[in-house]
Structure formats: structure tokens, C-alpha cells
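**Student:** Residue-level listing of the chains:
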Amino acid sequence: NAGVTQTPKFQVLKTGQSMTLQCAQDMNHNSMYWYRQDPGMGLRLIYYSASEGTTDKGEVPNGYNVSRLNKREFSLRLESAAPSQTSVYFCASSEQGLGTEAFFGQGTRLTVV
Amino acid sequence: KNQVEQSPQSLIILEGKNCTLQCNYTVSPFSNLRWYKQDTGRGPVSLTIMTFSENTKSNGRYTATLDADTKQSSLHITASQLSDSASYICVVSPQNTGGFKTIFGAGTRLFVKA
Chain A
1400 NAGVTQTPKF QVLKTGQSMT LQCAQDMNHN SMYWYRQDPG MGLRLIYYSA
1450 SEGTTDKGEV PNGYNVSRLN KREFSLRLES AAPSQTSVYF CASSEQGLGT
1500 EAFFGQGTRL TVV
Chain B
5 KNQVEQSPQS LIILEGKNCT LQCNYTVSPF SNLRWYKQDT GRGPVSLTIM
55 TFSENTKSNG RYTATLDADT KQSSLHITAS QLSDSASYIC VVSPQNTGGF
105 KTIFGAGTRL FVKA
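So the protein lines, in turn, are chains A and B. Residue 1400 is where the first sequence starts when you use my numbering, and the numbers rise one by one after that. Residue 5 is where the second sequence starts when you use my numbering, and the numbers rise one by one after that.
In short, the hints are calculated from the structure, not lab data. Nothing here was measured: the structure is a model prediction, and the numbers come from that model. A portion of the hints provided could be inaccurate.
Said to hold, decoys possible - Partial pick of chain B residues on the chain A-facing surface, computed with a CB cut under 8 Å:
hint, residue
1, V8
2, P12
3, C23
4, R46
5, G47
6, P48
7, S50
8, A90
9, I93
10, P98
11, G102
12, K105
13, F108
Stated by the list, open to error - In the BS3-like style, the derived pairs of lysine-lysine whose C-alpha atoms are separated by at most 25 Å in a straight line are:
hint, chain 1, residue 1, chain 2, residue 2
14, B, K105, B, K21
15, A, K1413, A, K1470
16, A, K1470, A, K1408
17, B, K105, B, K117
18, A, K1470, B, K105
19, B, K105, A, K1456
Idealized CB from N, CA, C, for every residue including glycine.
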């Protein structure tokens, strides 16, 4: 079972470059999420999509955009990367919000120099 | 501000020993509290989930407890194994967010030594 698949696994960007992180899930989940994880801090929600066709801001949305392409895919775009966006990014999905377990991808380690 | 704080930050134990990890939260009201295990280089995986009305939940050698009065949860690991070396994350879902904006603790890094 693939579960949640993220690409790429590693990426180095120069300040000002743009890129898109891809995420796909094969569990027919309604809700999808993007988090970032920084040393010494808990995962922080960037954006989420409660259901296909909807997206909402999380705790730290500045500098990011998202697209819920279809029920399976949820992408995260950095338009102009900054060193402060160096982090590990996790995509997750769940059947729906309340009380349902979130399944995470393996993460994308992004370094902005 | 809703917060989830975990202690200790890191812990080293010998294989076969028990340990208890702590989670204090200020989120109120909340719908459920989860413990996740995160292996190095991997995404978190759910271990247990408890609603505000539950006191304990077990998953094999992992037992989570919840005291809603003191706003504390603990994760007890019995007869630790080398494979238990990981970060353990406490996560609380506020009641008024539909479960989408859960709050993650920073985690406890557990090292199990042979």
C-alpha cells in the first residue's frame, strides 16, 4: 500500500527560486494537509483542504500557495523561496477532520540557500 | 493561546526498561488527544487516540493515559525495544476546529540502548 506519497524527498533551492511539492494519496481520503517541521518545534499547519475543491489557511500560510488538484492530489508551491522556509515538509491525509487518523507521507527535506 | 508541551525533551533508557513520557496541554475544550511515533526520516504514525471522556488506551506495549481535570496525558512504554527509539508526539484537536487544526507538541526524543 502506497498511502501518502510525496515528491521530491530532498531539494536545495536558491533564494528567490520557486518550486512545487507534490503529494498524492491512494486511500480515498477527503481531507489533506501540508505541515512543516522545524527543530525543537511541533508540526505546524501551513494549509489544509477539508474536501476536494476547498482549501484553507493554517497557522503559517505566508509564502505558500496550495492547489487541491483532485481528490488524490494536493500540491504546495513556494513562489519565491526564502531561507526561513528551510524545513521538512509533510503532507498528510485523513478520511475527514474530527476524530479521524491522519496518515503522513515520508517528508520533503527542503534547504533554501 | 492553545499549547501542547511535552517532557522530557529527550530520554535515554536501556533495552527492556519501562519509561513514561509526559504531555501537558492548555487546549480546552478538546475533542481528542493522540500520541504519534515518528521514526527518524519518516512521517508520524498514530499510536493511540483518546476522547476527552476516556482515561486510558493501550496499543501493545504502549499505554496512554489522560487526566482531563489536570490537562495531562502520559505515554507509558513497557519492556522497551531498540525499535522504540523514535520521537513521540502528543497531538490535541480543539473542539471548535472540526479536527483540521490540530496542535502538535514538539515531541520527546527516546533513545533505547542495548
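**Student:** What's the verdict on K105 of chain B and K21 of chain B, does the C-alpha distance respect the 25 Å limit or exceed it?
**Tutor:** Violated, at about 35 Å.
**Student:** Per the CB criterion, is P48 of chain B less than 8 Å away from chain A?
**Tutor:** holds (5 Å)
**Student:** Would you check whether I93 of chain B satisfies its interface hint, that is, whether its CB is within less than 8 Å of any CB in chain A?
**Tutor:** Where the cut-off is 8 Å and the nearest Cβ of chain A is about 7 Å from I93 of chain B, the hint holds.
**Student:** Can we keep the K105 of chain B interface hint, with Cβ of chain A closer than 8 Å?
**Tutor:** Hint holds; K105 of chain B Cβ to chain A Cβ min 6 Å, cut 8 Å.
**Student:** With a cut-off of 25 Å on the C-alpha distance, tell me whether K105 of chain B and K117 of chain B pass.
**Tutor:** Roughly 36 Å between the alpha carbons, so the hint for K105 of chain B and K117 of chain B is violated.
**Student:** Close enough to count: is the Cβ of S50 of chain B nearer than 8 Å to one in chain A?
**Tutor:** Cβ of S50 of chain B sits 5 Å from chain A, so the hint holds.
**Student:** Are G102 of chain B and chain A close enough, Cβ to Cβ, to be under 8 Å, as the hint says?
**Tutor:** Status holds, d = 4 Å.
**Student:** Checking hints one by one. Is V8 of chain B an interface residue toward chain A, by the C-beta closer than 8 Å rule?
**Tutor:** holds (7 Å)
**Student:** Would the stated hint for G47 of chain B survive a check requiring a Cβ distance to chain A of less than 8 Å?
**Tutor:** holds (3 Å)
**Student:** Identify whether the interface hint at P98 of chain B stands, where standing means a beta carbon of chain A within less than 8 Å of its own.
**Tutor:** Not OK, violated: P98 of chain B not within 8 Å of chain A, min 10 Å.
**Student:** Straight-line Cα separation of K1470 of chain A and K105 of chain B no greater than 25 Å?
**Tutor:** With a Cα-Cα distance of about 20 Å, the restraint between K1470 of chain A and K105 of chain B holds, given a limit of 25 Å.
**Student:** Can you confirm whether the C-alpha distance between K105 of chain B and K1456 of chain A stays at or below 25 Å?
**Tutor:** holds (10 Å)
Consistency with the previously given hints fails for numbers 2, 3, 8, 10, 14, 15, 17, ordered from lowest to highest.
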